[in-house]
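> Residue numbers (UniProt numbering), protein chains in the order written: chain A, 1 to 352; chain B, 1 to 352; chain C, 1 to 352; chain D, 1 to 352.
No lab work stands behind these hints: they were computed from the structure.
Just so we're clear, the structure is a prediction, and the values are computed from it rather than from any experiment.
Treat each hint with caution, since some may be false.
Stated by the list, open to error - Just so you have them, the derived chain C footprint on chain D, three or more residues with Cβ under 8 Å:
1. 49 to 56
2. 165 to 171
3. 176 to 190
What the hints assert, rightly or not - Calculated cross-link-like contacts (lysine to aspartate or glutamate; reagent style EDC-like; alpha-carbon spacing at most 20 Å):
4. A:K92 - A:D66
5. C:K347 - B:E283
6. A:K45 - D:E31
7. C:K45 - B:D257
8. D:K96 - D:E122
9. C:K194 - A:E192
10. C:K169 - C:D142
11. A:K92 - A:E148
12. B:K347 - C:E148
13. B:K45 - C:E283
14. B:K347 - C:E192
15. A:K92 - A:D40
16. D:K347 - A:D28
17. A:K347 - D:D28
18. A:K347 - D:E283
19. B:K194 - D:E192
20. D:K347 - A:E31
21. D:K45 - A:E283
22. A:K194 - C:D28
23. A:K347 - D:E75
24. D:K347 - A:E33
25. D:K45 - D:E148
26. C:K347 - B:E33
27. B:K347 - C:E31
28. C:K347 - B:E31
29. D:K194 - B:D28
30. D:K96 - D:E148
Using N, Cα and C, we set each Cβ at its ideal position, and we do this for glycine too.
So you can see what is in the structure, the chains are spelled out below.
4 protein chains.
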Amino acid sequence: MGNFRRVPVGIVGASGYGGVQLVRLLMDHPEVELVYLGGDSSAGKPFAYIYPHLAHTVNLSVEAVDPELIAHRCEIVFLSVPNGLACQIAPKLLEKGCKVLDLSADYRFSNLATYTAWYGKERQDSAIAATAVYGLPEMFRDRIAEAELIGCPGCYPTASLLALSPLLKQGLIIPETAIIDAKSGTSGGGREAKINMLLAEADNSLAAYGVVRHRHTPEIEQICSELAGHEVTVQFTPHLIPMVRGILATVYATLRDPGLVRDDLITIYRAFYRNSPWVRICEPGIYPQTKWACGSNLCYIGIEVDPRTGRIIVMSAIDNLIKGQAGQAIQCMNIMMGWDETVGLPKLGFYP
Amino acid sequence: MGNFRRVPVGIVGASGYGGVQLVRLLMDHPEVELVYLGGDSSAGKPFAYIYPHLAHTVNLSVEAVDPELIAHRCEIVFLSVPNGLACQIAPKLLEKGCKVLDLSADYRFSNLATYTAWYGKERQDSAIAATAVYGLPEMFRDRIAEAELIGCPGCYPTASLLALSPLLKQGLIIPETAIIDAKSGTSGGGREAKINMLLAEADNSLAAYGVVRHRHTPEIEQICSELAGHEVTVQFTPHLIPMVRGILATVYATLRDPGLVRDDLITIYRAFYRNSPWVRICEPGIYPQTKWACGSNLCYIGIEVDPRTGRIIVMSAIDNLIKGQAGQAIQCMNIMMGWDETVGLPKLGFYP
Amino acid sequence: MGNFRRVPVGIVGASGYGGVQLVRLLMDHPEVELVYLGGDSSAGKPFAYIYPHLAHTVNLSVEAVDPELIAHRCEIVFLSVPNGLACQIAPKLLEKGCKVLDLSADYRFSNLATYTAWYGKERQDSAIAATAVYGLPEMFRDRIAEAELIGCPGCYPTASLLALSPLLKQGLIIPETAIIDAKSGTSGGGREAKINMLLAEADNSLAAYGVVRHRHTPEIEQICSELAGHEVTVQFTPHLIPMVRGILATVYATLRDPGLVRDDLITIYRAFYRNSPWVRICEPGIYPQTKWACGSNLCYIGIEVDPRTGRIIVMSAIDNLIKGQAGQAIQCMNIMMGWDETVGLPKLGFYP
Amino acid sequence: MGNFRRVPVGIVGASGYGGVQLVRLLMDHPEVELVYLGGDSSAGKPFAYIYPHLAHTVNLSVEAVDPELIAHRCEIVFLSVPNGLACQIAPKLLEKGCKVLDLSADYRFSNLATYTAWYGKERQDSAIAATAVYGLPEMFRDRIAEAELIGCPGCYPTASLLALSPLLKQGLIIPETAIIDAKSGTSGGGREAKINMLLAEADNSLAAYGVVRHRHTPEIEQICSELAGHEVTVQFTPHLIPMVRGILATVYATLRDPGLVRDDLITIYRAFYRNSPWVRICEPGIYPQTKWACGSNLCYIGIEVDPRTGRIIVMSAIDNLIKGQAGQAIQCMNIMMGWDETVGLPKLGFYP
């Protein structure tokens, strides 16, 4: 192996679900070495204090968040911190030459006015934000390869955009008819103690939330608009499902050409994703289950056309913590570093 | 109490989930006495042999299905049997003077051609089918009061139609824009051993099924068309949720008048359901959880309007086995018998 | 019905799971009228603000906790408040002539030294505590009938003691061999936001907790000792199960007479519980599922004997929120008031 | 890499949960190449026909079970077939020089009389059975290294024996006091359509089964007896838990030396498992959750001592499909082949 050297990477905000997934995946990644875990509230504690099951496997302690120090030790840094905090850390890391992958919403918007409108925070860093690339490799592989700063997509936008992109890019649907009815496991809500996320409340139950005002809406619309070439407004409704992991987005849209049949669309999707190793288009009549994706970085897409209504129904299933979060960030890292985009990422789900 | 007499009722097909709910509710109903449980496969066995938890509470045995005998003992008969079987039993019971409430699909269609097209069974009994009333009391209370034969709605159509009816009846939406994205617990699939319904397969997972071809579609469309006054086609997509009970229907439609706001719509729904004790319209900004309805005969409806898209989003939550099945059948029975429509039915859910 | 009058009852601490179950059950109880809901943190809010599904069904508001006022309006008061608070409220209510049923641990111990040792709180009210009766009707029906103050059993002690009592009372086992391996749904942990109770943490998982030091241990031992006629020490281990409701206690003990067989024991249990309408002894070879009990006040008991080891294994299943909490309190109230012990309590579980 | 060659392996009976886990793990194992999947009922179909999520990842088809052919292509064969079938296939494979790892019960018993007594099948192959090694590496690493035929342990025995072995081997407990109260997710029941395993039946519920007669009892006793040096009888009670994966065994036993405290025992366990990379002993006061183990080949062991009763309580948590089945078989293969025992096996659980 000669002078092979693993690239040192760090995670700021390792104690949440995104963080622990990053730890799990980066530990098994052959090209990198995880050398830093940061978090102010747990600083000084062994990581296994937060996640006891990792004792004797992950021997790192959580350290204070000092960008100077981080940059000194890490070439690549993942930020898994709350919205509004990433944009305070990233500039310092970039300045020191780190590549930064931000899992928060801070660098997802090319237009910070949209960010401010939906997230309620003023920002002064539009110059840096303008250099950020939206980390959806299936659309923006080339830009990611050139980027120093990635705004990793939200979990819902990942599932939604992978379902919608071929249709919008190729002008197959009337964009304003697009409705995304999305369903997520509760791990998407993070590792925070909230009454509505208790098992006793959320198990054996189901509800919509954030109807007409969920913050992933403008993120979806921004990319849809870019793909369509004009401003697009979509309907997005998330639901909380009594399960730990997984997102299913059921997407409805009216086809421009009512003569298109299911097999045509499947062919179109397969061609569109020909070079995307993490997208699987299901056989005709097969609809994806979220369980298929759980544990892998794959997105499964099922397609149906209703000749009675002229609509296409696209169902996309991902693991919200992997393709919807930590795995996709690593996929972006692979591309930024010139590695194969699949390296270090699981392609076989846990099933069952 | 003097010469008070409970009305003798029977259930054909008591061993499934619909049956056991009917048993539970009818046992506690103050106006009736459950005197007969029928089922060919379990004939001769105590009911508690099938459901051991009912030993010493339900002391009936399952008996063979002999319409003559049933009619001799029962004034009211619930049929909880497979599609295509109810239409062989009901005529004989009606002839003997029984009131019949059928929980299968056999008497839900005024036009048997639709039944045959979607259920693949030829029927010769259009005369009797023409006398059947669709058992959705919130729409057809008066007809139910006069009927001898009720075709009780499916679980999905109940949730869907309670959400859509005020909009269609009052011409508030463009009917062909209606999309119903429905989610159900697995008890809706019945008590049959199927691999995809195993806990190990269905838990911690989620998928759509029957996309563009689920048999509840024509049932929904039939009533929508009647309410709208012209032929209506809807998009209906059911999903299997990892929970036992409950249905949530998330309904999308484009408003004709983009000036209507959420509070207008809430007022309209409240007025529409003013005399419907089993429908609850949520406060503004509150969206129903299926857990709220579990154990009760209530339907909870939440309403949102998206000024950005001009759409209304209506969410309706029911217990699929109660308002979606056994409870609604009993509600119909109450109306047929001239009793208060709430008698014998639970109005407080199990929560949590 | 003449001059029939419902007895006015109140609940202090209505916002937790015990409280909402009491509300649900007392609303349907034919002998009482629920007139007061108390709670300092929610005082002034409609109860439906806490539990939106009860809007238009439960029209009470939460009021401040003023014992004088409560006693003025209620003849019977249920206390569903934290340990250490009940003993501050109960004396004032008793003084004013109320009957008090306390769901906390405050009045479960005849010897307050035990309470202090396990709950870490000093108490000065041993005189009042000495008047309290342990509210397990199957053992102490006569005392309950005479009592003004009931210390309602914990959920685990209820399941454990119903399994063990016939054996201890009749000297059938060697008491110190008794091991109780108990499993509970997470609603037993109450409606508090804790990370380990999140669905994302607790679902699809299982663990023991409080091993060798759970506070229900001395409560079980106190009653076991009384039944055995001498000091008894038991092994008690609770586990958290990924479900909302239900407790199963699996109890192991060595039989004194190795010649006893399963059918002997079933006969003995049936005789022991002959006058206990809420206990069901399963047929030979049938073991209770917690789901059977969910929604009812029943306790199901299954019995097995292992001739290879000389042990009896007793499994008891209850709904932790009903027979393990609110239902049992109402059962006690029925006995205190001279009503039938089954009145107003559900005997048919939700199943499935 | 030069003349590096992966060892060809095959799986007979790949369609069940054990099979699909073997496929997942063997696909990622760096020393082997999966070249054969066998199963008579699915012969001729692509494996992805059974598990659609593996389309384009696992490109093998299921083939008929022809031992001659299998031995021609595979050096190592895993048998994941029903009890009674493995003993018909294994001899032919061994004769042709294959190494065989059987996941059924056929080769777990050194004394076939025990097998016949508990499994009800007569066997004539005691000569071959006598060459089989019980595949629990933590006890029998040396024998496994020499073996050609491994009888892989059941899932419950794995969890139970890892908890009990240090105590029995070192004579720390009175063996006949050992009680194993075990809890398993429903995937342990396999991928068969059974009503009691439906989500609607098994979710939100809990029950014991196979009390005093579960077939894993003699398997546990056989190894306990060998470790203790005399015949040992244990009490074993399995329970079905509403989750997909995971086993927790809660083991109770009376210590011979009542002076031993928890920290002593933790030290003893750590020493005992010093060379066992797949066993983790928890810190004092920490009890393992099954979720910790899910997705990894680890067994987590928590230890508590009750000075009041003189008992030790040991809790062991595994993923029933990995350390309890497929992972352990691969661990055995690694040892048989002289590879590091951890190679190709996941050490980081999915968490959450």
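> If a hint holds in the structure, say so; if it does not, say that too.
Cross-check of the supplied hints:
no. : hint            : result
1   : 49 to 56        : violated (count 0)
2   : 165 to 171      : violated (count 0)
3   : 176 to 190      : holds (count 5)
4   : A:K92 - A:D66   : holds, 10 Å
5   : C:K347 - B:E283 : violated, 34 Å
6   : A:K45 - D:E31   : violated, 37 Å
7   : C:K45 - B:D257  : violated, 36 Å
8   : D:K96 - D:E122  : violated, 25 Å
9   : C:K194 - A:E192 : holds, 8 Å
10  : C:K169 - C:D142 : holds, 16 Å
11  : A:K92 - A:E148  : holds, 13 Å
12  : B:K347 - C:E148 : violated, 32 Å
13  : B:K45 - C:E283  : holds, 15 Å
14  : B:K347 - C:E192 : violated, 26 Å
15  : A:K92 - A:D40   : holds, 17 Å
16  : D:K347 - A:D28  : holds, 10 Å
17  : A:K347 - D:D28  : holds, 10 Å
18  : A:K347 - D:E283 : violated, 34 Å
19  : B:K194 - D:E192 : holds, 8 Å
20  : D:K347 - A:E31  : holds, 18 Å
21  : D:K45 - A:E283  : holds, 15 Å
22  : A:K194 - C:D28  : violated, 31 Å
23  : A:K347 - D:E75  : violated, 26 Å
24  : D:K347 - A:E33  : holds, 17 Å
25  : D:K45 - D:E148  : violated, 30 Å
26  : C:K347 - B:E33  : holds, 17 Å
27  : B:K347 - C:E31  : holds, 18 Å
28  : C:K347 - B:E31  : holds, 18 Å
29  : D:K194 - B:D28  : violated, 31 Å
30  : D:K96 - D:E148  : holds, 11 Å
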